[in-house]
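Participant: Listed here are the chains, written in short residue letters.
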Amino acid sequence: MRTEATFIIIPYSRLSATTELPLQRSGGIHVLIDSADFDIACILQHTAAHRYQLLYSLSGALINNSRFTELLPRIYLLHTLCDIFIKDRAIIPVFTDEAIAGASLNSLKDYFETEGELQIDFAFFEQSKANAQVNNNLLYLPAAQLESFDNAAFNKLINQEIQLTLIENSASVNENQWLDVLFNTVAMTRANGWEKYKSTLWQERAKLYLSFIALGKKVGEAEYYDLREWYHNEYEVLPLWFKRLGHIVKMLTGKRSIKSIFPGRIKHPR
Amino acid sequence: MVLGKVAVLYHIFYEDTIEQVYEELKALTALQVSFFFNITNETPNQAEIKERLLNFFPNAYITISSNKGKDIGGKLLLLKLCIELALEPDWFIFLHDKKSLQALNAKTWKNELFRIIQEDQLENIGHLINSNPTCGIIATNNYVRKQLVEHGEFACNNGAILKELTREYGIYCNQYDYVAGTMFWAKAPAMLDFFKAHDPLAIRQTLEAGNVIDNFKGTFTHSWERLLSWIITSRNLTIKTV
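Protein sequences, first through last, are from chains R and W.
Residues 1 to 270 in my numbering are what the first sequence lists, from first letter to last.
Residues 1001 to 1242 in my numbering are what the second sequence lists, from first letter to last.
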């Protein structure tokens, strides 16, 4: 049974070298960007054929790379192509066994903020550790944990609010009932979290339409008064004799009837 | 009718746009076309819209981004994606799900702007392209506006910003005509030339967030609405209308 919140991590260095991905039991493609030369076209060609969801994470080595700031536009572009939202935040997983340069992470956050993405956060995982790790509502299960996952491991995790599971491979996943229940629970939690967030978006949309009504009135009023002022400056200020001459010209050219020249003869609509 | 390779860059903000998108674009599916869509992350049913777009256009590229710079910001993001994917179309078609709810003539505004992708106009557009080698923009009649310049200053709310940007990017035209509503065919090589030299995402960062209007004061967003046309016409390419 396929779940929508469990993803198999595929390093970009491996993705770019293969045409067949081990995606059984995966909600989609989760690309661990471990190369500064990552190519978005290469990533997309794997998702296109199967309409997979696409998520990404960053490696510590990439973040510490001296070219990291040059990569920010491409990382942002990849971000917009992905389905990475968890509730009201976009959480970017980071896999590393080395210390991360704080300045680089800040530069990424700053870049995303100037592109208007205000709720960016990170979830840090150490790939060298063999234990399950939960960070910022994301669960990382290394291969060793998948093989030995049992009710004790299940009980440790089931009460934590996990919205996404990242695993290293799908070996032995299908036969393990504890993993099955865990993955389905995570999928439901993710779906519920997203529905709650959607309801806040609908509320904001309703407020937007109300503001449009107010804005429409303001714009209409401004246009009305501008037009009235223009009319006053172009016509009302003219001497009476000139205006009367104008009416006669209009009458002679067929723009007005003789009757309309005389006051009180025209019935105005109510 | 040979129109060459076309890339449609369509920005979506409203939640009910998807109902019309396929009908609007289906005439273009007969062409050699790539579809790019940007949906804002403020659109409540963004996930559903993305899913339905992929049903209609299986090979489409779809981004979900912040609401920055309105449709201009969305189109800049999609231009960046085209560059990143090394696509070299012959023409871009810029579109968005315009509603302009603050305007009195909103409904006719959009319908008229979309004339450029109506089936009965494509042959006419093909003829314009093939018989006018210097044609750089194709837009709807009556939506090409002349930006007045008086004593070296752009005479509009966006004047000061336009002066700054035209200087910064070296965009100078004999006449400053532009397509109001930012929906038009644009000669892709000219557009790509500019945006390979000037990062679209860096420009997008300067745009205003949210639903900005320029009725009362100038904005970078509305200034770039004009500049998108001037990028083409500053290269001695002309605007034709249908």
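These are calculated hints, taken from the structure and not from any lab test.
Honestly, I wouldn't trust all of these hints.
[Unchecked claim] The calculated SDA-like cross-link candidates involving lysine to any residue, where the alpha carbons are at most 20 angstroms apart (straight line), are:
(1) R:Lys196 - W:Asn1045
(2) R:Lys198 - W:Asn1041
(3) W:Lys1099 - R:Ala41
(4) W:Lys1050 - R:Ala153
(5) W:Lys1099 - R:Ile213
(6) W:Lys1050 - R:Lys156
(7) R:Lys129 - R:Lys109
(8) R:Lys207 - W:Asp1016
(9) W:Lys1050 - R:Gln53
(10) R:Lys218 - W:Asp1016
(11) W:Lys1099 - R:Gln53
(12) R:Lys207 - R:Asn192
(13) R:Lys207 - W:Glu1015
(14) R:Lys218 - W:Phe1216
(15) W:Lys1217 - R:Asp226
[Said to hold, decoys possible] Stretches of chain R that chain W covers, calculated by requiring three or more beta carbons in the stretch to come under 8 angstroms of a beta carbon on chain W:
(16) 71-83
(17) 133-145
(18) 196-209
The structure presented is a predicted model; accordingly, all values stated were derived computationally and were not measured.
Just so it is clear, CB atoms sit at the ideal spot from N, CA and C, and this is done for glycine as well.
Participant: Please go over all the hints and tell whether each is borne out by the structure.
Facilitator: Status of the hints after comparison with the structure:
1. R:Lys196 - W:Asn1045: With Cα atoms ~12 angstroms apart, Lys196 of chain R and Asn1045 of chain W stay inside 20 angstroms; holds.
2. R:Lys198 - W:Asn1041: holds (10 angstroms)
3. W:Lys1099 - R:Ala41: violated (33 angstroms)
4. W:Lys1050 - R:Ala153: Status violated; Cα separation ~36 angstroms.
5. W:Lys1099 - R:Ile213: holds (13 angstroms)
6. W:Lys1050 - R:Lys156: violated (36 angstroms)
7. R:Lys129 - R:Lys109: Not satisfied, since the Cα-Cα distance of roughly 27 angstroms exceeds 20 angstroms.
8. R:Lys207 - W:Asp1016: Holds. Lys207 of chain R to Asp1016 of chain W sits at ~16 angstroms (cutoff 20 angstroms).
9. W:Lys1050 - R:Gln53: Judged against 20 angstroms, a Cα distance of about 11 angstroms means the pair holds.
10. R:Lys218 - W:Asp1016: Violated: Lys218 of chain R and Asp1016 of chain W sit about 25 angstroms apart, past 20 angstroms.
11. W:Lys1099 - R:Gln53: violated (30 angstroms)
12. R:Lys207 - R:Asn192: Status violated; Cα separation ~23 angstroms.
13. R:Lys207 - W:Glu1015: Within the cut-off at roughly 14 angstroms; holds.
14. R:Lys218 - W:Phe1216: holds (10 angstroms)
15. W:Lys1217 - R:Asp226: With a Cα-Cα distance of about 15 angstroms, the restraint between Lys1217 of chain W and Asp226 of chain R holds, given a limit of 20 angstroms.
16. 71-83: Since three or more residues must qualify, the claim that chain W covers the region 71-83 of chain R holds, with 7 doing so at under 8 angstroms.
17. 133-145: violated (count 0)
18. 196-209: holds (count 7)
When held up to the earlier numbered hints, the structure conflicts with 3, 4, 6, 7, 10, 11, 12 and 17 and fits the remainder.
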